[in-house]
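There are 2 protein chains.
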Amino acid sequence: MSDFKVTVLGSSSALPTLQRSTSSQVLRYHNRYFLLDCGEGTQVQMRKYQIPFQRINEIFISHLHGDHFLGLPGLLSTMNLLGRTEGITIFAPAALVQILTTIFKATGDRLVFPFIVIPLEMDREEIVLEDETIRITAFPLNHRVPTFGFKFKEKFRRLKVNVAAVKEGAINPIHLQTLVTGRDVELLDGSVLRYKDFTLPPPQARVFSYCTDTAPFKGLEDYLRETTTLYHEATFLMNKKERAKKTFHSTAADAGKLAQELGVKKLLMGHFSGRYNDSKAHLEEARLHFNQELFAVEDGLDYRVS
Amino acid sequence: MSDFKVTVLGSSSALPTLQRSTSSQVLRYHNRYFLLDCGEGTQVQMRKYQIPFQRINEIFISHLHGDHFLGLPGLLSTMNLLGRTEGITIFAPAALVQILTTIFKATGDRLVFPFIVIPLEMDREEIVLEDETIRITAFPLNHRVPTFGFKFKEKFRRLKVNVAAVKEGAINPIHLQTLVTGRDVELLDGSVLRYKDFTLPPPQARVFSYCTDTAPFKGLEDYLRETTTLYHEATFLMNKKERAKKTFHSTAADAGKLAQELGVKKLLMGHFSGRYNDSKAHLEEARLHFNQELFAVEDGLDYRVS
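Protein chains in written order, with my numbering: chain P, 11 to 316; chain S, 11 to 316.
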């Protein structure tokens, strides 16, 4: 099931390096592309890693620190130059509106496609987008400026088929198509096929949560409940715990503990401080607390949402 | 004399590619570094090409199209994070102030170092910075938004020594140090050493001009007078002449003709449209008009100011 995966475009913290660009990820769910943060250089990373960026219709900006949004004006401008007409919805702190307005006023860019900014200002978890395939919620994090995490939960359109029961009941395929949507079927002779008799519950929903930048705080685990794959910042190691606290960031140990407490299947760590040459120590530190699949992400790599 | 050279950090037009970043150059004159334009990704290009960016004290922004300034907020933020305290002077269209103010208000970045924006609004050539080593002027170009070119003229602190005359006159080295600054020396016996007798005029001053983005216009050659090395945009080829006209850009032929008319020693062309895979045709087209040193610039390369 590689229809739900995230491509990391940038995994540095504030300072980009030659190995790591500033924060950005593309989350792909079936044929939809969601952009999560858009640091400076994101449009070039998209070219490099062949992301079909005109297919992105929703952008989520966690907070208004430069390394999470300064690539957005250039990306929108490029989409425009390349002839985009389809609208874009941007979920972001409200001040982004004035930033984009001020820039586009100066550049004289007339965007042919409409974009709308949905301001994030919730103080608890709230649904920001839901349709029949996915439910996306946002929730507050604990950083120096208003910052938000996002949770993407897949929704199933169909139940699993109970193959044995369907075979035994010699169910007509046409009726089965209705049963798997969770509806009973009344036959011409007045008898009823109960969907529960011929289907099984859907597989466990996969849930991807994106959680950066934040200091640990009481209540975060509630927002992240049901998460199966967690992306969490790990800017520092424990020996820089004070620095993490002062700057409202997390350590690899914080990320590992939280992931273990949540019981997620997979933890992706990123947003590494430029002071670290590699992420080996981050992996070791998180591993002390978390015993499932664990990655320190790298730019350009895909990670399956488990 | 490699003490006057330009390093190209970005040479694409509006759309960055994997080969060409958006506009930016670092002009080095002796130990001073001037940044010319700062498109998205400039700070990473500086790392890649090992520019000591904390040594930049003056930044020149030609105009407020995204591909010429969107890297500036991130660069200033990075300079700040790395502990810069020395001030920066930015020469740019006035609207840049509001853009930077709006962004830094949202990010909460408190810049430790002062920066001042000198608003460009001249309608003719004007001196924007002059000291005993260099004179920098700015002048209007002809683009869709207010746009300015910049001219950097070296100034000589010392005249050339007339070796034969100095030897014949057996001039004391201490007196010679005064003579080469253009001052006469009165000796104890009342006689006077005339500096003109022992020195020669300085070599021809090198003058670098930066000219992007612009359509050709009457009067540009006056602003560029004395230029010895010209950087000029060549977004299009002649077969896209109408497109160039419509978007207020130049062709390689325009650049070549202007350079020939000015009698410059070296022409550097850049700001190539993403539609061209290489710059071979640009070189051929400009060569039809210009018979001195000619380059289509590449990111990361140094070009000596002749």
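The hints are simulated quantities; they were obtained by calculation from the structure and are not laboratory data. Hints are supplied without guarantee of correctness; some may be wrong.
Copies of the same chain look alike in the list, so a pair counts if it works inside one copy or between any two.
Lysine-lysine pairs mimicking BS3-like chemistry, simulated, CA-CA at most 25 Å apart [unchecked claim]:
hint : residue 1 : residue 2
1    : Lys228    : Lys15
2    : Lys115    : Lys256
3    : Lys115    : Lys255
4    : Lys170    : Lys58
5    : Lys165    : Lys251
6    : Lys256    : Lys58
7    : Lys267    : Lys177
8    : Lys267    : Lys228
Comparing the hints with the structure gives:
When the C-alpha separation of Lys228 and Lys15 is checked against a cutoff of 25 Å, the pair qualifies neither within a copy, at 29 Å, nor between copies, at 56 Å. Taking the shortest Cα distances, Lys115 and Lys256 sit within 25 Å of each other only across copies (20 Å), while inside one copy they are farther apart (37 Å). Proximity of Lys115 to Lys255 under the C-alpha cut-off of 25 Å is restricted to the inter-copy arrangement: shortest distance 23 Å between copies versus 38 Å within a copy. In this homomeric assembly, Lys170 and Lys58 never come within 25 Å of each other (Cα to Cα): the closest approach is 39 Å inside a single copy and 52 Å across copies.
In the homo-oligomer, the alpha carbons of Lys165 and Lys251 never lie at most 25 Å apart, since the shortest distance is 38 Å inside one protomer and 53 Å across protomers. Proximity of Lys256 to Lys58 under the C-alpha cut-off of 25 Å is found in neither arrangement, the shortest distances being 35 Å within a copy and 31 Å between copies. Taking the shortest alpha-carbon separations for Lys267 and Lys177, neither the intra-copy value of 47 Å nor the inter-copy value of 82 Å comes in at or below 25 Å. Proximity of Lys267 to Lys228 under the C-alpha cut-off of 25 Å is restricted to the intra-copy arrangement: shortest distance 13 Å within a copy versus 69 Å between copies.
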